[in-house]
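Participant: One letter stands for each residue in the lines below.
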Amino acid sequence: GQNIDQPTEMTATEGAIVQINCTYQTSGFNGLFWYQQHAGEAPTFLSYNVLDGLEEKGRFSSFLSRSKGYSYLLLKELQMKDSASYLCAVRDRRTGANNLFFGTGTRLTVIP
Amino acid sequence: ETGVTQTPRHLVMGMTNKKSLKCEQHLGHNAMYWYKQSAKKPLELMFVYNFKEQTENNSVPSRFSPECPNSSHLFLHLHTLQPEDSALYLCASSQTGGVSSYGYTFGSGTRLTVV
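Line by line, the protein sequences are chains A and B.
For the first sequence, our numbering gives the first residue as 9, with consecutive numbering after it.
For the second sequence, our numbering gives the first residue as 240, with consecutive numbering after it.
Everything labelled a hint here was simulated from the structure, so no lab data went into it.
Only pairs whose alpha carbons sit at most 25 Å apart, straight line, appear in this in silico BS3-like list of lysine-lysine:
no., chain 1, residue 1, chain 2, residue 2
1, A, 89, B, 279
2, B, 257, B, 291
3, A, 76, A, 65
4, B, 280, B, 261
5, A, 84, A, 65
6, A, 89, B, 280
7, A, 89, A, 65
8, B, 291, B, 261
9, B, 280, A, 76
One-sided excerpt, in silico: chain A residues whose CB lies under 8 Å from chain B:
no., residue
10, 12
11, 16
12, 41
13, 49
14, 50
15, 51
16, 53
17, 56
18, 97
19, 107
20, 108
21, 109
22, 110
23, 111
24, 112
Ideal placement from N, C-alpha and C gives every residue a C-beta, glycine not left out.
Please put together the full structure from these sequences, using the hints given.
Facilitator: Okay, here's the thing in C-alpha cells:
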C-alpha cells in the first residue's frame, strides 16, 4: 500500500516562512499533490509535482525528490488566513488511472 | 462554490435509519469518488466510479451502498450505521483517461453523526 507521512500539527508566526514535509512510499508513483482544507470546507488544490524540483506559485512553493520519496510545501509571508490543514496526496498508477492516497494532513496554526 | 455540490451539509441519524448522501458535479468530469475523513486519520478512499461504472470498492461495509446513475451524480445510501461511522464524507470528481495535473475537485462534504 501507500505510506504517506506528514506532521500532525505545526505553529508559525504571521509573516514568517513555514515548511511542511511529506514522505511517501509507493512503487507506482505518478504525481504528488498538495491540498489546503479550512475547517468545514472542501479541500482545494494548491500544487502538483511529478518531476523532481521546485514548483513556485506566488507565496506557495512545492518541492519533490522522487529518489527520496520526499516533498515539502513552503509557505512564505504567512497570513492568518493560511491557518488550515494541508494534505499531501500521492497518485499511484498501480491502483487506477487517477486514484489519490492521502496523508493525515498537517494542521497549521498561524499566530500573530 | 467548488463545482462539486454535496447535500446535506450536516446529517444526524439513528442507527436504524436509512438516509442518502448526494453529490453533483457540473465540471464535465467522468470519474467520481467517495472519501471518508475522520479526525487524525488520512482520507480513506471508499468507492470509485469511472463513466458510471464502479471500478473500486475498498473493503467498505455493505451498510454503505453507492449509486452512480450518470457521470454527474453520485449517491451514498446509508443504513444501519454504527457510531464509528460518524465522520465527514467527501465527494470528489476528476477527469480520467490522461494525466491530470489538477487531481480532484472536492465537495464541501457531509458531516455525518450517528447516534
